[in-house]
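Chains A and B, in that order, give the protein sequences.
Reminder that position 145 of the first sequence reads as 145 in the working numbering, one-by-one numbering, no gaps.
Reminder that position 327 of the second sequence reads as 1327 in the working numbering, one-by-one numbering, no gaps.
Simulated from the structure, these hints should not be mistaken for lab results.
This structure is a prediction, so every number in the text was calculated from the model and none was measured.
Don't take each hint at face value.
[To be verified] The calculated label-pair distances, taken between Cβ atoms and stated as ranges, are:
no.	chain 1	residue 1	chain 2	residue 2	range
1	B	1352	A	264	41 to 49 Å
2	A	131	B	1293	31 to 39 Å
3	B	1185	A	261	34 to 42 Å
4	B	1421	A	261	25 to 33 Å
5	A	133	B	1041	48 to 56 Å
6	A	336	B	1408	35 to 43 Å
[Stated by the list, open to error] What the simulated footprint calls covered on chain B by chain A, stretch by stretch (three residues with Cβ under 8 Å from a Cβ of chain A suffice, anywhere in the stretch; the number is not a length):
no.	stretch
7	1113–1120
8	1138–1145
9	1289–1301
10	1334–1345
11	1384–1394
Beta carbons are placed, not taken as given, at the ideal position from N, Cα and C, and that holds for glycine.
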Amino acid sequence: MDLNLTSDQQLFRAATRKFLEREATTVRIRELTEAKIGFERSYWQTASELGWTSLLVPEEMDGGSISGRPLADLAIVAEEAGQFAAPGPLAVTNAVIAGLLNVEGAKAHAGVIGEIASGAAVATWAVYEPGKGWDPFEPTATATRFEGGFRLNCVKDRVEVGDQADLFLVGARLDGELCQFLVRADAPGVRVDKMWSLDFTRHFATVTFDNVAVPRKALVEDARTAIEYQCQTLFALQCAETCGATARVFDMALEWAFDRYAFGRSLASYQAIKHRFADMKTWLEAMHAITVGAIRSVQDRADTASKISRVASIYVARKSVEIMQDCVQIHGGIGVTWEYDLHIFLRRATVNRALYGTPEEQRSALSALLAY
Amino acid sequence: MTLAVPESPDMEDIESFRLRARDWLKRNMPPAPDPALEIPDEERWARARKLQGALYEGGFAGLCYPREYGGQGLSLQYQKVFTEESLPYEMPIVFNIPTLSICLPTILELGTEQQKKQHINDVLCGREVLVEFLSEPHSGSDLAGVLTRAERDGEKWVINGSKIWTSHAYVGDVAMCLARTDWDAPKHRGLTMFLVPVRSPGITIRRIRQVNGKSEFCEEFFDNVVLGPEAVLGEVNGGWAVATRRFYYSRSAWGRGNPYISGDHELSQAQSKGIDYGGYQSLAALAREVQGPSARAPDAVVDTYVNQTVRDLMARRVIEGVESGAMPPEAASMVRLFHAQIDWLSVDARLEVAGSHAVTGPNPENSGIGSVGETFLIRQATSLGGGTTEMARNGISERVLGMPRDVASDLNISFKEARKIFTENRKRK
């Protein structure tokens, strides 16, 4: 995706790919699906050791990046993960880390960040509320104060890896102010109900917080800033993952076009087919370009990051599924069969299109940001 | 081969260059004109020649052209800085395409020492505008099929035939003209590129009126136009190699990575309106005019912002990819294709926002917002000029993705023979 990877980053990409080739084959993904498992903790542990959860974390908190540009490094993982439709909450966990790191008093959360970075704890962002769309800055959930800290009474749904998470980052109002709380899954009053998911391994849950007591130190300050970082990180990584998944499907379709013979010649020799591939290749490059642009602007904390990351989110979400469906068409009937692997990636892209801001929701957010 | 930009070790530090440019621009260039102002074509070109001359005098013309030919021998980075600093000022934008970014780099790469000395200097000081005599009534995208002939007459060449779709030929001084010099050779191997003085005896120029009422394109007729041997650019019968390089420069001119382009019309307009990103702002202004002020940009405006942001990053990515060798030169066709696709969407968005104002209005003399409707009529021009988008798709699929070429019957036989076969077969079965 990024045409300017350092040699260290290239090595890192190769190591990431090797791991995925071993642990995230489509055969393995189908096994997990049959067993109704999102991901195995041992898998996540190894992934963490490869840097999946520690790249964003500074060295003094036992993390460390490859190139000094952690989000760019992480995007390499996300793109490769997309190439495999890999299991594991890569984007959302790192969004939580980004949120915790970008608040005043981030050091107070060093312990929790360390737990997440080591792979010992899986963190997720409980951001959606029942009956509402993507609206991360306007939670209706409320928290109240009591002597020992806070009490949380709310329901969040579409919580990614809700069934396997150890920590929930929960947005709520406290005295009318936007706040975030880090809540442990084993806290009394937390109930998790699994939801249905279109993706094979990316599971969701409804999480009910019934008068959950939250200690004072679990309040994450600077909610507005943190949530914006969470958003930008999530958008950029999700785009990188979708780019990887789309590139994989594009390659499958291109290989198919060369191999498939019809009316005495390969599909790839028909101009009607070639022109569609030219369009798709062009759009794929555009997806890569805007994603790299988003990653760079978020990494550099550029003024434009809030806009560029949302532009990426809109463009990548729209084009990915458009390209994939055309790839299905080029495959013919086999493209809509269960046994052919293409739908594993189409599922991932469709979920990414719908989650953490649909293009329609992002367009509305972007509209408010534009100088109009 | 990529765009050859010299790296000179004795280059001025980039920040002091920026300050020097800023200071010079402030003292020497007029402010950018109001984008709403319709400047007549002839006046626009006269001003551009003067401004180009001023840049030359100030040492800011042809930043990436070698010093020995009148340029400044600087890298792309310096050109980018200069363009950034130039945004508040009127620049000779019309010199960019094709003169500075397509024709002149081709001459720099393939011209004789004499041609380089003469044309690069003449262009940079504003004395010469280059145009292109390429397409013909019988062959547009299939450029190698040109029928205009150049025949030897002793040392001289005599040209007969006609060309079409030349942009701004009426203001041009010298044209790059592709003609057939060997009819017994196969299609691509009997062509020669000539540098033709536009006002040579025997050349007639006619302006073509477009659907939007404007006339920027021309057609030319050649009636025994006589040229000397020094008019040949590249090798005799090696015209296709010249055309191929010209195509490369042409494709890269669409993005913002061509080092020979100075100034940026879109960004300049955006800045003059105090808006942070080029392109969508004129649509935003239209939306406010038509729909009244509102706190939020309508969907069409946001979509246009998205598309144009993606387009610019996409162009930069591909141009950098080609320069670094990560992508083949033909990848530049993706920039060409994408630009056209986004342009379509932008024109459609304007039509959507303008509503009925695009087709009728109160002032019988001035169409006002109606220019949106007229622009819509000529929407496909961006997908046609400089090689159609279909050609771009062929290039991308064949040269980037390695898909098989379509069968062509005219590649390995003499052009004369190919024409004969075509004439016999043209009747519909």
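Status of each hint after checking the structure:
no. : hint                         : result
1   : 1352/B <-> 264/A: 41 to 49 Å : holds (45 Å)
2   : 131/A <-> 1293/B: 31 to 39 Å : holds (33 Å)
3   : 1185/B <-> 261/A: 34 to 42 Å : holds (36 Å)
4   : 1421/B <-> 261/A: 25 to 33 Å : holds (29 Å)
5   : 133/A <-> 1041/B: 48 to 56 Å : holds (51 Å)
6   : 336/A <-> 1408/B: 35 to 43 Å : holds (36 Å)
7   : 1113–1120                    : violated (count 0)
8   : 1138–1145                    : violated (count 0)
9   : 1289–1301                    : holds (count 7)
10  : 1334–1345                    : holds (count 4)
11  : 1384–1394                    : holds (count 4)
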